[in-house]
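Protein chains: 2
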Amino acid sequence: MINKLISKIRKTNAPIVVGLDPMMKYVPEHIQKAAFSEFGETLEGAAEAIWQFNRGIVDAVCDLVPAVKPQIAMYEQFGIPGLTAFKKTVEYCKQKDLVVIGDVKRGDIGSTSEAYAVGHLGKVQVGGRSYYGLDEDFATVNPYLGSDGVKPFLKVCSEEKKGIFVLVKTSNPSSGELQDRLVKGTAEEGGEDRPLYEIVGRQVAAWGEQCMPSEGSYSYVGAVVGATYPEQGRILRKLMPNTFILVPGYGAQGGKGADLVHFFNEDGLGAIINSSRGIIAAYQQEQYSHFGGEGYADASREAVLAMREDIAAALDGRG
Amino acid sequence: MINKLISKIRKTNAPIVVGLDPMMKYVPEHIQKAAFSEFGETLEGAAEAIWQFNRGIVDAVCDLVPAVKPQIAMYEQFGIPGLTAFKKTVEYCKQKDLVVIGDVKRGDIGSTSEAYAVGHLGKVQVGGRSYYGLDEDFATVNPYLGSDGVKPFLKVCSEEKKGIFVLVKTSNPSSGELQDRLVKGTAEEGGEDRPLYEIVGRQVAAWGEQCMPSEGSYSYVGAVVGATYPEQGRILRKLMPNTFILVPGYGAQGGKGADLVHFFNEDGLGAIINSSRGIIAAYQQEQYSHFGGEGYADASREAVLAMREDIAAALDGRG
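Chains as they are written, first to last, in our numbering: chain A, 1 to 319; chain B, 1 to 319.
If you're looking for bench data, these hints aren't it; they were derived computationally from the structure.
Be aware that one or more of the hints could be misleading.
Claimed, not checked - Label pairs and their computed distance ranges (CB to CB):
id : chain 1 : residue 1 : chain 2 : residue 2 : range
1  : A       : 192       : B       : 256       : 33 to 41 Å
2  : A       : 289       : B       : 210       : 53 to 61 Å
3  : A       : 25        : B       : 95        : 29 to 37 Å
Remember, it's a predicted structure, so these values are computed and weren't measured experimentally.
Idealized CB from N, CA, C, for every residue including glycine.
All chains should be built: construct the whole structure from the sequences, respecting the hints.
What follows is the structure, encoded as structure tokens:
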């Protein structure tokens, strides 16, 4: 799946993933109205609204981008109907040949992580049969529990040819509270003190060494590093040369095109930039407001084109 | 809800939470058979089997224990039908007046954690109405993203009178890979180097200070500390005097009664011990094998009684 992601990035010339994180306040009135008139102001109505909203965006951008990243929390908040909309969204995106990164940030003790891995990326056994649960192509994983919590994902990824992105340095303002703490180096590590995100980054690189589709390629164990921390991105890029970096925080969270160059390798690959609000709610921004709610999907398409240009210009500019 | 938990612990004299983590291999044959004959060997069949399995256990132990802790991964692996069984289990346990701790280990950037908090503990807005999503009483939360990822939970907890347990030192073998790393102390902290779990523990205590139902009581911001690490439990108990500790890892994971005393305060409170496999799959252990699969729920009841005695003996023994 990492190879499919890379080949789609090459084909679209867009290292972009669209974050399908539909909050109700982003959903245009006409879609809300239609959904509520069918299902009432219920969880089912909300789920229908976000699903229809997603579908419009996916139809409008699927030829431009390699991947989407639905954030499961935005669906989980609407209970079972919301999770059903998540599943429908994943299925629809896969039909459109998009790579689907489930932003689920799961991670637990071994036997529990195994269940998450099976549920999101693999097949679960039921009697003599087996079934896919939510069936994303990639999942994001939280490293706080150590390798026990990550290895079950690697096993399923190897069987299913899928992948993960492990949280290393997240894009939010408080990410440094733990992730930037300076950790005493062990003799094995050369004794130097390093921030926690570097410790995690090194581990991601080490896991990745066992998870290469072919020698010298990118591994299917990626990392999450926020666009809002370009300096750390530069350091981590060097520490994890064969790791694909999923970069959230572009646009609405404050990350700019010029900040992104540090996340890419010399080959122009190695990173994929996420934008959620900036694309899916583009019609609510002044520069795309002429599209109006009815034209929200076209506004999203324009925003993708602008983002593609912004990134290309930044990469060209690095000489 | 923390006060309800405490009053139920006092009433039952059992600081015990039953982990409702139903793997298919724990579900007795007669339950699997009945479910599969109704729904086939499908995700719906599996979901029905784990729901019926849970119901039997809940009926058998609900007068003995204050709380249950369903691990959502074990349901999520069966996709939407599995999550529907999770919701049914939560609802049923609440009908039986059990406190429900959703072991969901969620945590994300601010706006996303808000959606998780709303989905698991609070109400989501749909047009002019609002609805509970999964509606647990407590949720477990991962701290890797820092306070941005935790504060939205505190807000919802304060509104809904619910609570969280933040992962501090988890029970699994590799938990030390990050959690035990020695972190350089800042001047503000007195300059001393401390393991990461202490940094997180201090933060949990600090969040808790803002989250007390009444002065000097236990806060509704709890901590997860594994029974498998009694020495760390002792340290954390002192660091977080007003924090309730959820202690996984008893029984099947290797934690023993004598290890548990360190997690309790002098008042005999301050900790609640989880056992999952040891209770729900008791009939598969030699000592309860005479119950057989048909008597699995009675075996679970016996295992709870034995666990209650083990803990009471350990607490008595500490003098």
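Practice task
Could you check the hint for me, namely that residue 289/A and residue 210/B are 53 to 61 Å apart, CB to CB?
Solution key: Check failed, 40 Å falls outside 53 to 61 Å.
Practice task
Could you tell me whether the CB distance from residue 192/A to residue 256/B stays inside 33 to 41 Å?
Solution key: holds (39 Å)
Problem - Cβ distance range 29 to 37 Å for residue 25/A and residue 95/B, holds or violated - result: holds (34 Å)
In summary, the one numbered hint that this structure violates is 2.
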